[in-house]
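If you read the protein sequences in the order shown, they are chains A, B and C. Just so we're aligned: 186 in my numbering is position 186 of the first sequence, and the numbers increase by one with no gaps anywhere. Just so we're aligned: 28 in my numbering is position 28 of the second sequence, and the numbers increase by one with no gaps anywhere. Just so we're aligned: 161 in my numbering is position 161 of the third sequence, and the numbers increase by one with no gaps anywhere.
Read the hints as simulated data drawn from the structure, not as lab findings. The reader is advised that the hints may include incorrect statements.
Said to hold, decoys possible - Using 27 Å as the maximum straight-line C-alpha spacing, the simulated DSS-like pairs for lysine-lysine come out as follows: (1) C/Lys68 x B/Lys120; (2) C/Lys149 x C/Lys177; (3) B/Lys278 x A/Lys263; (4) A/Lys263 x A/Lys228; (5) A/Lys74 x C/Lys71; (6) B/Lys283 x B/Lys240; (7) A/Lys138 x C/Lys149; (8) A/Lys124 x A/Lys74; (9) A/Lys124 x C/Lys68; (10) B/Lys283 x A/Lys263; (11) A/Lys103 x C/Lys71; (12) A/Lys14 x C/Lys199; (13) A/Lys138 x A/Lys228; (14) C/Lys199 x A/Lys103; (15) A/Lys164 x C/Lys177; (16) A/Lys138 x C/Lys71; (17) C/Lys239 x A/Lys14; (18) A/Lys103 x A/Lys138; (19) C/Lys180 x B/Lys120; (20) B/Lys120 x A/Lys263; (21) C/Lys149 x C/Lys68; (22) A/Lys103 x A/Lys124; (23) A/Lys124 x C/Lys71; (24) A/Lys14 x A/Lys103; (25) A/Lys14 x C/Lys149; (26) C/Lys68 x A/Lys74; (27) C/Lys177 x A/Lys138; (28) B/Lys283 x B/Lys259; (29) A/Lys103 x C/Lys177; (30) A/Lys138 x A/Lys74; (31) B/Lys259 x B/Lys278; (32) C/Lys177 x A/Lys14; (33) A/Lys74 x A/Lys103; (34) B/Lys55 x B/Lys76; (35) A/Lys164 x A/Lys263; (36) A/Lys164 x C/Lys71; (37) C/Lys149 x C/Lys180; (38) B/Lys55 x B/Lys36; (39) B/Lys240 x B/Lys259.
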Amino acid sequence: MQITFDQVSHIYAKGTPFERVALHNISLTIPSGSFVGIIGHTGSGKSTLIQHLNGLLMPSTGQITLGDAVITPKRRLPHAQRRDIGLVFQYPEHQLFEETVAKDVAFGPLNFDLPTEMVEARVKESLEIVGLDYATIKDRSPFHLSGGQMRRVALAGVLAMQPKVLVLDEPTAGLDPAGRVTILEGIYRIHREQNLTTLLVTHSMEEAARYADYLLVMAQGQVALQGKPEEVFMHVDRLRELSLDVPETVALVSQMNQLLPDKASLPSSLYREEELIAHLLERLSVPKEG
Amino acid sequence: MNEDNLLALRDVSYTYDGEDGQRVPVLQGVDLTIQKGSFVSVLGHNGSGKSTMAKLMNALLLPEGGTVLISGMDTKDGELLWEIRRHVGMVFQNPDNQIVGATVEDDVAFGLENMGVDPKEMRDRIDEALVSVGMESYLQAQPHRLSGGQKQRVAIAGIMAMRPSVIILDEATAMLDPQGRMEVLNLARQLNRDEGLTIINITHFPEEAIYSDKVIVMNAGEVLMEGTPSEVFNEVDRLKQVGLDVPFAVRLRHALHSKGIDLPFVLHQEELVEHVCKLLLTK
Amino acid sequence: MLQNIAIGQYVPGQSFLHRADPRSKLLFIILFATLIFLANNTVTYAILIGFTLYAALLSRLSLSYILKSLKPVWILILFTVVLHIFITKGGTVYFQWGWFTVEEEGVRQAIFISLRLGLLILISSLLTLTTSPIDLTEGLERLLGPLGKIGIPVHDIALMMSIALRFIPTLMEETDKIIKAQTARGANFTSGSLVRRAKNLIPIAIPLFVSAFRRAEELALAMEARGYRGGVGRTRLNKLTFTWRDGIVAVASVILVIVIGWWRT
């Protein structure tokens, strides 16, 4: 599902002493099927941006197009279309409330009045997508699971609505390295298998570099940089100016290029670790001819 | 006991109640000493026993087997409990759930009030502690208005005011953004360097361990490895086996080295850059 | 959404009233309330009205904003007025219609009683408008301190109140977040029958309770780690200090007592 923002602004608590502009005239297009990394500091507007996607927030001015639905300051996203946009908040395990895992995952689909048999099938399917065994976990209390499992149940709860767009706010926050890899690989697999449009909000440049095919860098309510990862990572100075890091791979390449003569320099598109290693191996192991 | 050993764990074990009523061991036969004034990092994935170990170090938990000694004080001695807790400060993971005071100064005062410090002296100690963490201009601020990193710094100030000898950061950076993480880590390093404070940083970010004097790797309730960062991170495969990562430079060098590229072990990115460039230029 | 709701109705500022010690403000309110009940003629009421208006000026808040505090109680005031006009008899008869009369004493009482209520509410709103909940708790704790000697756990109560104040904003944010998360899962909190809407609160209430308990547990651990062991042997940071402003409040109080005592009949 294609997503377009056309000159969207959002002002919190307009007309009160607490008034604050959170989004400032944002225009962008996210093609259907892309995996977009959204990067920025706390307060840069990224949370506000994603909450516009399923009508939790309305634009103060401008217009948002989701597939063929149009949201304007006066026109809400119809309830039925909300389920096309799956929103996974930070620490989503904090939203679990049912007695059993199966009931919790069914909450979303039931809210959209899907028939019972269909809901059951979807619960089973989505629990299995996130790597949990339906038979053993369905009747357990979500509160007795480990932190990582709870997070996957919460993710399944969103996937069970079979969204076309998946929006994730810091899905790896607070997890250990193994847990981070498991959840991200899972998301990436779902993204490809279900042909979703995925938006990943993250603080980690490494995560963004690894999975995203398009990056949005937010700062002070505006899109500071956008483009393919290799394009965005070329602006090392601009990113530093926004006190954002570049991925370690990019930092390494740029440090090396400062020491190397131009003809021996490394291409700046080497932001994925495996590609960087492959490139270095190639250059280092083959003896120079002549 | 050696005088330099501030903290010692001798054959410590601990179990907790599992879901179905049986006792699950979380720590078994842990032997450790931590030197005064050192910066120690404890790595381990979730459930490796590292947080239990932290709680044993300031008598929030008591060992079921073995002894925990802090400056020679046995944590099992109830009389010494308050003295031990004053000596060993703890910063927890969730910045929101450890700030007690409704304002920054109230929170820093909390530990001092518990110790029964004279109100006149309290004022000076609070100001001093807030200066040491760089939060002196937030005296009257309300905690919920602060960033995650700032909240953790306030928590550290609350401990500093109690004049401790050790600060344990129990995954204190896990919930912070990269900026907050840097803030807290730099502060910990600065307190270690300038005030001679012993720091124990429990974390799962391998990058945080690069600058420590000693790295301890926990796995399944046991000390798996113990040594300098270079010694520990040199064993990339062994760390990978227990689900732990290594710093980027180490990982990259390992990938190249294992394919036959002649690179010495490096810990820091700058060294790696130098070595690889040298190789590239001589090819 | 929720985070924009001000807690209490404190409006931060730097006025004389904002900067006076909460203890003197609290004590003054008690004195003023007593004086309101001692006032019994036009002159004394005029003095009190004049004083309240002057205090309102000192707060540097807009008068209309302060008067808004009367909004929740104006029905009560109206009711009192009507009641007195109907029931209280005596003095000149102003109006007669069948058995129904409006007499001098009735009108007098109606005016005085509604003034009492109004002044009481205005002056206490001035307190809450110019004193942060934190300072208010602190002031109360200090004033009630002596009660500790007769076994009332003032320290513990004060700590409970201050922790509550500390966590209200955090829990409000949390509520906001949970509402949004469940809305994103298709929950509908604004339409449907009353029963359905009550049922809809479960997906919000349970996560909120779970999180509050988790926070309480972690907080207890953090407090213990920092050497908390109950109120015994505890000292308190002394944040409140009397300044010249409190001297003025004291002088104003004495003058007010003398003036009201002199003019009342």
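Tell me the numbers of any earlier hints that the structure contravenes, in ascending order. 1, 2, 5, 6, 7, 8, 9, 11, 12, 13, 16, 17, 19, 20, 21, 23, 24, 25, 26, 30, 33, 35, 36, 37
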